[in-house]
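2 protein chains.
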Amino acid sequence: MKILTTVAYDGTNYYGWQRQNGQITVQEVLENAIKNLFGKHIEIRGASRTDSGVHATGQRMVFLQDTNIPMNNLPLAINNFLPKDIKILKTQEVKENFHPQYNAKNKTYTYKIYNEKIMNPLYNNYAWHVKPTLNIENMVLAGESLVGEHNFLSFCARGATSKTFVRTIYSIDIQKNNDNIIEITINGNGFLYNMVRIISGTLAYIGYGKLKVEDMKHIIDAKDRTKAGITAPPQGLILKQINY
Amino acid sequence: MKILTTVAYDGTNYYGWQRQNGQITVQEVLENAIKNLFGKHIEIRGASRTDSGVHATGQRMVFLQDTNIPMNNLPLAINNFLPKDIKILKTQEVKENFHPQYNAKNKTYTYKIYNEKIMNPLYNNYAWHVKPTLNIENMVLAGESLVGEHNFLSFCARGATSKTFVRTIYSIDIQKNNDNIIEITINGNGFLYNMVRIISGTLAYIGYGKLKVEDMKHIIDAKDRTKAGITAPPQGLILKQINY
Chain A
12 MKILTTVAYD GTNYYGWQRQ NGQITVQEVL ENAIKNLFGK HIEIRGASRT DSGVHATGQR
72 MVFLQDTNIP MNNLPLAINN FLPKDIKILK TQEVKENFHP QYNAKNKTYT YKIYNEKIMN
132 PLYNNYAWHV KPTLNIENMV LAGESLVGEH NFLSFCARGA TSKTFVRTIY SIDIQKNNDN
192 IIEITINGNG FLYNMVRIIS GTLAYIGYGK LKVEDMKHII DAKDRTKAGI TAPPQGLILK
252 QINY
Chain B
12 MKILTTVAYD GTNYYGWQRQ NGQITVQEVL ENAIKNLFGK HIEIRGASRT DSGVHATGQR
72 MVFLQDTNIP MNNLPLAINN FLPKDIKILK TQEVKENFHP QYNAKNKTYT YKIYNEKIMN
132 PLYNNYAWHV KPTLNIENMV LAGESLVGEH NFLSFCARGA TSKTFVRTIY SIDIQKNNDN
192 IIEITINGNG FLYNMVRIIS GTLAYIGYGK LKVEDMKHII DAKDRTKAGI TAPPQGLILK
252 QINY
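Residue numbers (my numbering), protein chains in the order written: chain A, 12 to 255; chain B, 12 to 255.
The hints are simulated quantities; they were obtained by calculation from the structure and are not laboratory data. Among these hints, one or two may not hold up.
No copy labels: a pair is met if it fits in one copy or bridges any two.
Stated by the list, open to error - EDC-like mimics (lysine to aspartate or glutamate), calculated; alpha carbons at most 16 Å apart, straight line:
id: 1; residue 1: Lys223; residue 2: Asp184
id: 2; residue 1: Lys251; residue 2: Asp190
id: 3; residue 1: Lys128; residue 2: Glu42
id: 4; residue 1: Lys187; residue 2: Glu127
id: 5; residue 1: Lys101; residue 2: Glu127
id: 6; residue 1: Lys46; residue 2: Asp77
id: 7; residue 1: Lys251; residue 2: Glu194
id: 8; residue 1: Lys106; residue 2: Glu39
id: 9; residue 1: Lys116; residue 2: Glu155
id: 10; residue 1: Lys187; residue 2: Glu148
Source: prediction; values computed, not measured.
Looking at chain A on its own, in the form it has when it is part of the complex:
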């Protein structure tokens, strides 16, 4: 049977999701845990290749394995073989033709910015430290330009290969929480490589006046990565949810 699995992890100590030789990755640790439970190597396929330092509370993956363990208990059985910074939250059976990437209807990411002169050490691994004061109203206004279907080439890491750079952003929510963290939450039908981090970097530039609110539209139209802001660092990013 094909098993769809929801995974949460603290990405701090991993070289990202994707298995690679000589580095500890989330995929490898999960495959080892599943191997330890079922006694054989089973390849897993993730929905999203998160980068080194990026976190997830709603990553998804599938693997093929027949089992008599009830789906309610399988997460606990696998978690027994996982370190405490990776946890399986849920497992469910899906049809044979289910694909974790292609069947995704929409995904939600949150990017966190800590916006004070001196960093709060509790967020060293969980937020981007931006010192200049950010004008959240301007960020919200600029974010509105991103909503809808656009060619997001300006917000895609150079060298990335995609058949099309057209994606739809359904919503962007930007607000400051109780801990002085600015949370940028983006929901869309798909995301290009580094897209959320480049959007967050560009919104920060707009927030402290290095770019203007109306520049966001020009940046989209330019289809040119060099027009957008910097790629915000990985530790601020959380893959929150993937809906099918």
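With the hints as your guide, set chain B onto chain A.
Below, chain B alone, put in the same frame as chain A:
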């Protein structure tokens, strides 16, 4: 001159605040940084002795040192010599007779509980994982009994020495935030050893029905540590603020 200093730290990798032989403590690291800046050992005095694993965003300390560095710049000067998990947020000159503990009017602590069956790995070092579903309404009701002036002997670690166990709690706020974290925020004129952690452990017991709402009053009256709940683990606790 006497310098009052506001300090934030991630307590994960320290054996608490208080200097002790053979262990890395927050106090020792701060004294070493100040020594590196001023070229001599200067003793610091903290307002609160946080335990191993406990965090702070508003710890306070004082030290005696004449300096020409403006108070706005001194935090950055000291931070240069600190690891990234300890940061000086603010320095200000105070009178010679100022005492960081005795002059404190009130302190605020927040205790965080992650209340799902499977732990969110992003909170491993920053929250207590409680699996049974907590009834927050019952916790709020029980919390109300704690507000006011009481003898809190039932909520003090055994063996602790204090002249009096009478303290005043001004407010308790309990709510669930967006990340499924239950935050217990307590403001009071002073706290006994482990008091916030024992209160949090007792509120959790009430939240999942191991104790009843009305038991809170009986526990206070009993003046007996064995009547209260467990001492919640250190990583959920943050010293937020000390007001003078």
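Status of the hints after comparison with the structure:
1. Lys223 with Asp184: neither (19 Å within a copy, 40 Å between copies)
2. Lys251 with Asp190: between (19 Å within a copy, 10 Å between copies)
3. Lys128 with Glu42: neither (42 Å within a copy, 23 Å between copies)
4. Lys187 with Glu127: The answer is within: 12 Å in one copy meets 16 Å, while 25 Å across copies does not.
5. Lys101 with Glu127: between (37 Å within a copy, 12 Å between copies)
6. Lys46 with Asp77: within (13 Å within a copy, 63 Å between copies)
7. Lys251 with Glu194: within (12 Å within a copy, 21 Å between copies)
8. Lys106 with Glu39: So Lys106 and Glu39 fail the 16 Å test inside a copy (24 Å) and across (58 Å) alike.
9. Lys116 with Glu155: Neither, since 21 Å and 46 Å both go past 16 Å.
10. Lys187 with Glu148: Result: close within a single copy only, 11 Å intra versus 26 Å inter.
Hints 1, 3, 8 and 9 from the earlier list are contradicted by this structure; the remaining hints agree with it.
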